[in-house]
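Each residue of the sequence shown is one higher than the one before, counting from 1 in the numbering used here.
Just so you know, these hints were derived from the structure itself, not from any lab. Here the structure is a predicted model, which means the values were calculated and not measured. A few of these clues could be false.
Now the in silico label distances, taken between C-beta atoms and shown as ranges [to be verified]:
hint, residue 1, residue 2, range
1, R176, G41, 21 to 29 angstroms
2, R159, D80, 21 to 29 angstroms
3, P77, Q22, 16 to 24 angstroms
4, G51, G120, 18 to 26 angstroms
5, P143, M3, 32 to 40 angstroms
6, G51, R4, 12 to 20 angstroms
7, E179, L59, 26 to 34 angstroms
8, G120, S9, 25 to 33 angstroms
Heads up, the beta-carbon is just placed ideally off N, CA and C, and yes, glycines get one too.
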Amino acid sequence: MPMRTWTFSGNTLQLENNDLLQVDAEAIVNAANSRLAGGGGVDGAIQRAAGPRLLRAGLEHVRENGPLQAGEAVLTPGFDLPFGHVIHAVGPIWRGGHENEAELLRSAYLACLRIADQNGIRSLAFPALSCGAYGYPVELAAPVALCALRSGLGQGLVREARMVLRGEKALAVWLRAAESTF
């Protein structure tokens, strides 16, 4: 699969066109809803592959702690996945860019990196948070996400972060954003 790599303080960021469930990482990020109730897209694929215990773990977390807010994330085991953990991140719903969406998106990526650091996870693979059903324009989301990832890698929160994108068109948008951001 085509990929491009950057290094920040000795830690790497990779952009690639791949299936999130097929990458080599210690943990993956799930583009979750606030109730961790499963859904379509990336969330649905992860839930199906992980088995029913993942959904139960998410629902139990919400019962005990309440729903997550946009910009927050939480860790669960990976259950039937080949990854030790899943970090469920809630990105913002796009509302035209006037409701703090960029900061909430940045917070979601950084929350995942901090959780990874706190749990000894050194490699983490991300989907494009909020760019599916939540409607965040990819051209606007990519620079925000890339800046957050560069910051976290610069702080050494993880050794490797992978942005796993679906399709050459999506990869091209993220590569253009990376070229102008880095």
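Hint check results:
Between R176 and G41, the C-beta spacing of about 23 angstroms keeps the proposed range 21 to 29 angstroms intact. In this structure the hint that R159 and D80 lie 21 to 29 angstroms apart at CB holds, the actual value being about 25 angstroms. Under the hint 16 to 24 angstroms, the C-beta atoms of P77 and Q22, about 19 angstroms apart, fit the expected range. As the Cβ distance of G51 to G120 is approximately 24 angstroms, the hint placing it in 18 to 26 angstroms holds.
As the Cβ distance of P143 to M3 is approximately 19 angstroms, the hint placing it in 32 to 40 angstroms is violated. Take G51 and R4: their Cβ atoms lie about 33 angstroms apart, and the range 12 to 20 angstroms is violated. Distance hint for E179 and L59: a CB-CB separation of about 41 angstroms, inconsistent with the stated range 26 to 34 angstroms. The beta-carbon spacing between G120 and S9, approximately 18 angstroms, falls outside the hinted interval of 25 to 33 angstroms.
Hint violations for this structure: numbers 5, 6, 7 and 8, all remaining hints satisfied.
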